[in-house]
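There are 2 protein chains.
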Amino acid sequence: MTEFIPPGTRFHALPSPFPMKRGGELRDARIAYETWGELNRARDNAVLIVTGLSPDAHAAANAGNAEPGWWEAMLGPGKPIDTDRWFVVCVNSLGSCKGSTGPASVDPSTGKPYRLDFPELSIEDGADAAHEVVRGMGIERLACLIGNSMGGMTALAYLLRHPGSARTHINISGSAHALPFSIAIRSLQREAIRLDPNWNNGDYDEATYPESGMRMARKLGVITYRSALEWDGRFGRVRLESDRPDEEPFGLEFQVESYLEGHARRFVRRFDPNCYLYLSRSMDWFDLAEHADGKQADGDVLQGLARIRVDKALAIGASTDILFPLQQQQQIADGLRAGGAEAEFLPLESPQGHDAFLVDIERFGPVVADFLAGI
Amino acid sequence: MTEFIPPGTRFHALPSPFPMKRGGELRDARIAYETWGELNRARDNAVLIVTGLSPDAHAAANAGNAEPGWWEAMLGPGKPIDTDRWFVVCVNSLGSCKGSTGPASVDPSTGKPYRLDFPELSIEDGADAAHEVVRGMGIERLACLIGNSMGGMTALAYLLRHPGSARTHINISGSAHALPFSIAIRSLQREAIRLDPNWNNGDYDEATYPESGMRMARKLGVITYRSALEWDGRFGRVRLESDRPDEEPFGLEFQVESYLEGHARRFVRRFDPNCYLYLSRSMDWFDLAEHADGKQADGDVLQGLARIRVDKALAIGASTDILFPLQQQQQIADGLRAGGAEAEFLPLESPQGHDAFLVDIERFGPVVADFLAGI
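Residue numbers (my numbering), protein chains in the order written: chain S, 1 to 375; chain V, 1 to 375.
Treat the hints with care, as some may be off.
Pairs involving identical chains hold if they fit within one copy or between any two copies, as the list cannot separate such chains.
Claimed, not checked - List time: in silico SDA-like cross-link candidates among lysine to any residue, alpha-carbon distance up to 20 Å:
{"#": "1", "residue 1": "21", "residue 2": "249"}
{"#": "2", "residue 1": "21", "residue 2": "239"}
{"#": "3", "residue 1": "312", "residue 2": "22"}
{"#": "4", "residue 1": "79", "residue 2": "363"}
{"#": "5", "residue 1": "21", "residue 2": "253"}
No lab work stands behind these hints: they were computed from the structure.
For reference, chain S alone in the conformation it holds in the complex (with noise of 0.2 Å):
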């Protein structure tokens, strides 16, 4: 399958052989990135975000590409992550299609893509993929490590798996461990694929893409990355217009079954099914109660976040987000509070949902710049 890497990215080598949590390797693999502004002579004032599941690094326009990034409204000069201070990196997640290696990638030991032979994928194998993009950057300590939704879980990963590694953390909708509901939606947004005949075990091409189960899981994503809150006002009952009425029997009729067909239709063709996969089941995957001493059981997720050390954390997150609810962000920051961090956990009153972070700049970003402007 294609990849899809926005003009302009930039690629870190990853060590090679490099070892996968559960068990693997990967050869000559590499991490797509971007930066925003300047490392300074200390190497002091470097900015990590690691993103959702589907993001590229490319969060806002640079030099390299003048076009709009997903984020941005939150990066750039003097915006609430202000890169006249801050040199800003984003990485493309390990397992990704959008230039970092992942399933789509070619195996060189085949010359093929690898497919579904890609090894098993960990939270864990993106954070210390990330964290060689960093330290490749002569960086010791970042002053903040930013991560959004999935990026939440990695940024817990990548400082628990690498301490010492930044000095504050702002953790953005994102969960120590998944839960069970999110893991039933996720389940069946897989299962839509894998139901796709045209997905095939993963062995498709461009013309047989399995267009309708990635239809089903982006549109399944949609409605849990949202809230009903917000669509109670913003589509209400109201109908399509009438000049374009779907003839399809039981076809679409709402407003609201139109926006969730736009968002699928600008989300198919152009992500690969395979990485999808991984990078869903990935998150599913996550618990740092793996990390709590040698501990595996439930309920250690505190310990686990107790493990980690950084000097200030904040945690946020949405009042109507379903599928990363508030009370894991409260316990992302009761963990690092008793790990001795100075930790902060705002819930935010936005109608949003889980993508809120992206779009509720008004709310969240003056509560990211207050804390970036504060170390």
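With chain S's structure known, arrange chain V on it following the hints.
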């Protein structure tokens, strides 16, 4: 397609032709029903139950069928709906496949199943059909009309279209119109069925039943019928036993996935996909605002509700219901009160989501019993 009719089911022939709200009519149609208790001489002790999307008329064991029903704990001698006092009728919804006429039934004009030639189905049609069953028993006025979930919609349509037909009303986890989150979920369930090649525009048989689509639809249903809170305690991150590994790539691994799988297995091939599509869409279409003095605009739901005349009403629901959220039951109580009813809204702190009325009898039972005791 096969229909699925419990033993002991009784049938009421609808007037022929039976006109449908959105156009068309049914000939020789029937409604399946069951009864419990005895109708008194004054014929004033009748309680009618209208159901959610999937149940049949067998709400509890009775003389015709000793098997436990879907509301066994709620209905019977000495139970919250006490059949020593009340004559209880439960109808299978028009459009279903559990005995009442629906898309899986034979069209008398062709001798073949209706499939997609069944006329467009509205909640109001189901209400009119249920009203015919009650009138056919010589009951002019119900002591109480009880509607659950979709049945909560049916009950409101019944009361509005048949003034004076019930003294009191209990609306359980119902709503006066569908909101966009619920529409989105149901739209995705229908899309899963429509995308299954076996659905074939409604033209399948037992050998080509669209099992994949129905599995997806059911799993998504179960996810939205329960609550994240309940699942945290019930499943946590517990894995399946290691002696039952799922060897499929990205196969089941967590207990919550196996739970969904079990629900799907018990549902597919026991419900007709076309009936599912028709009933699902009827919920999306339902909007009591249409009945607000001829106006059809959004926001007139309260006016529609205020046109209903009952003496006393109770609207209850679960705090964790994401499909028919509590504010919808509050709206029902507010609207009925504006219409002159003594109407109470009782939010119940149940962890079990939309399905709580089926399983959390500890909370729902006493409230229903108290209301019925007071009339």
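Hint by hint, work out which the structure violates, then give me just those numbers in ascending order. 3
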